[in-house]
Each structure stands twice: as C-alpha cells, then as structure tokens.
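Novice: Sequence:
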Amino acid sequence: VQLQASGGGLVQPGGSLRLSCAASGSSFSIYDMGWYRQAPGKPRDMVARITSGGNTNYTVSVKGRFTISRDNAKNTVYLQMNSLKPEDTAVYYCYAWGREANKFSTTWGQGTQVTVSS
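Under our numbering, the first residue of the sequence shown is numbered 3, with each subsequent residue one higher.
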C-alpha cells in the first residue's frame, strides 16, 4: 500500500487547515489510520487515530480543535485542524495499519509541512 498526503501549508494562528491522506493498493486491508507529527528536534508523536469502525483517539493538546475522519470507500483519512497554534507547527505524517495476507504492518505517508505563524 502507498499513502499520499496533502493539504499542508502556512496559516496564521487561529486559522484552519485540512489534511488528506489517500491509500492505494488493493491487497492491503486497512484497519487503523491516523496522523503523527514531528517538530524540529522533537520525536514523532501521535496526533489522532481512527479505526475502521470510526472510533477515534486524540492527543490531549488537540482535543476540541482537531477532528479526524475517514472515508473507507476511498481509503482516505482526513484531519480537520481548527484554531491552529504556533506549537502545532510540524511535519504531519499519515499512517495506515493493516494486513496483507497474514502479515500486519504499518505504512507511512511522505509527510506534509504545517506552519502556523503570523
């Protein structure tokens, strides 16, 4: 499976962005999808995840501001980011966890830069 992320950019504090990540590859069954982010000099941290059944989890710092959703028919996950803060600045990576044949694995997208600055 391959993941293609898009939607990053430069936005002012308080603004919004919507990230998308589309998965391709017909033999991979996707279970969880989600987003991590990595700021310069910091580890990659989980932002949000969503199961195939629609259950979601968020890191505390984005609860109430970010919303994750997915379109299973399109194998696409979205991250709506509102009320953005400078501390949200990072490279955002999408991932998909699933199964191909009898093997479970995680695939990562290429990353998209989000910069929150006035």
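In short, the hints are calculated from the structure, not lab data.
Ideal Cβ positions, reconstructed from N, Cα and C, are used throughout, including at glycine.
Careful, some of the hints might be misleading.
Stated by the list, open to error - Listed below are the simulated SDA-like cross-link pairs for lysine to any residue, each with C-alpha atoms no more than 25 Å apart in a straight line: (1) 44 to 13; (2) 65 to 78; (3) 65 to 43; (4) 76 to 58; (5) 44 to 85; (6) 76 to 44; (7) 65 to 120; (8) 87 to 27; (9) 105 to 34; (10) 44 to 55; (11) 44 to 73; (12) 76 to 9; (13) 87 to 26; (14) 44 to 108; (15) 76 to 93; (16) 76 to 120.
Stated by the list, open to error - DEER-style ranges, computed between Cβ atoms: (17) 26 to 85: 27 to 33 Å; (18) 62 to 16: 28 to 34 Å; (19) 43 to 85: 23 to 29 Å; (20) 53 to 88: 15 to 21 Å; (21) 40 to 65: 18 to 24 Å; (22) 61 to 15: 16 to 22 Å; (23) 57 to 20: 34 to 40 Å; (24) 101 to 17: 33 to 39 Å; (25) 82 to 26: 18 to 24 Å; (26) 119 to 54: 17 to 23 Å; (27) 75 to 99: 14 to 20 Å; (28) 66 to 103: 23 to 29 Å; (29) 6 to 84: 39 to 45 Å.
Novice: Each hint needs a verdict: does it hold in this structure or not?
Specialist: Hint check results:
Distance hint between residue 44 and residue 13 is fulfilled; the C-alpha atoms sit about 21 Å from each other, no more than 25 Å. For the proposed pair residue 65 and residue 78, the alpha carbon gap of about 21 Å is at most 25 Å, so the pair holds. Simply put, residue 65 and residue 43 have alpha-carbon atoms about 24 Å apart, close enough for the 25 Å limit, and the pair holds. A distance of roughly 18 Å separates the Cα atoms of residue 76 and residue 58; the hinted pair therefore holds under the 25 Å criterion.
As the CA atoms of residue 44 and residue 85 are separated by approximately 22 Å, the hinted pair is consistent with the 25 Å bound. Taking the CA atoms of residue 76 and residue 44, the gap is near 32 Å; set against the 25 Å cutoff, the hint is violated. At roughly 23 Å between alpha-carbon atoms, residue 65 and residue 120 fall within 25 Å of each other, so this suggested pair holds. Of the supplied pair hints, the one linking residue 87 and residue 27 is violated, its CA atoms being roughly 35 Å apart against a limit of 25 Å.
Between residue 105 and residue 34, the direct Cα distance comes to roughly 15 Å. Compliance with the 25 Å bound is thereby established for this hinted pair. Taking the CA atoms of residue 44 and residue 55, the gap is about 31 Å. The hint is violated against a cut of 25 Å. Our distance criterion of 25 Å between C-alpha atoms is broken by residue 44 and residue 73, whose separation comes to about 31 Å. Note on residue 76 and residue 9: the hinted pairing holds, with a Cα-Cα distance of about 17 Å set against a maximum of 25 Å.
A threshold of 25 Å between alpha carbons decides the hint, and for residue 87 with residue 26 the separation of about 32 Å lies outside it, so the pair is violated. Distance hint between residue 44 and residue 108 is fulfilled; the C-alpha atoms sit about 21 Å from each other, no more than 25 Å. Proposed proximity of residue 76 and residue 93 is supported: the alpha carbons are some 24 Å apart, at most 25 Å. With a C-alpha separation of about 35 Å, the suggested pair residue 76 and residue 120 falls outside the 25 Å cut-off, and the hint is violated.
A hinted range of 27 to 33 Å for the beta carbons of residue 26 and residue 85 is consistent with their spacing of about 32 Å. Taking the beta carbon of each, residue 62 and residue 16 are about 20 Å apart, not inside 28 to 34 Å as hinted. A beta carbon spacing of about 24 Å between residue 43 and residue 85 agrees with the range 23 to 29 Å that was offered as a hint. Distance hint check: the CB atoms of residue 53 and residue 88 are about 31 Å apart, inconsistent with the given range 15 to 21 Å.
Taken as a hint, the range 18 to 24 Å holds for the pair residue 40 and residue 65, whose Cβ atoms sit roughly 20 Å apart. For the pair residue 61 and residue 15, the supplied restraint of 16 to 22 Å holds, since their beta-carbon distance comes to about 19 Å. In this structure, residue 57 and residue 20 break the distance hint of 34 to 40 Å, their C-beta atoms being roughly 21 Å apart. In this structure the hint that residue 101 and residue 17 lie 33 to 39 Å apart at CB holds, the actual value being about 38 Å.
Between residue 82 and residue 26 the CB atoms are about 22 Å apart, so this pair conforms to the stated range of 18 to 24 Å. Against the hinted window of 17 to 23 Å, the Cβ-Cβ separation of residue 119 and residue 54 comes to about 36 Å, which falls outside the hint. For residue 75 and residue 99, the hinted distance range of 14 to 20 Å is satisfied, since their beta carbons lie about 19 Å from each other. For residue 66 paired with residue 103, a C-beta distance near 40 Å fails the hint of 23 to 29 Å.
The given range of 39 to 45 Å is broken by residue 6 and residue 84, whose C-beta atoms sit roughly 23 Å from each other.
Hints 6, 8, 10, 11, 13, 16, 18, 20, 23, 26, 28 and 29 from the earlier list are contradicted by this structure; the remaining hints agree with it.
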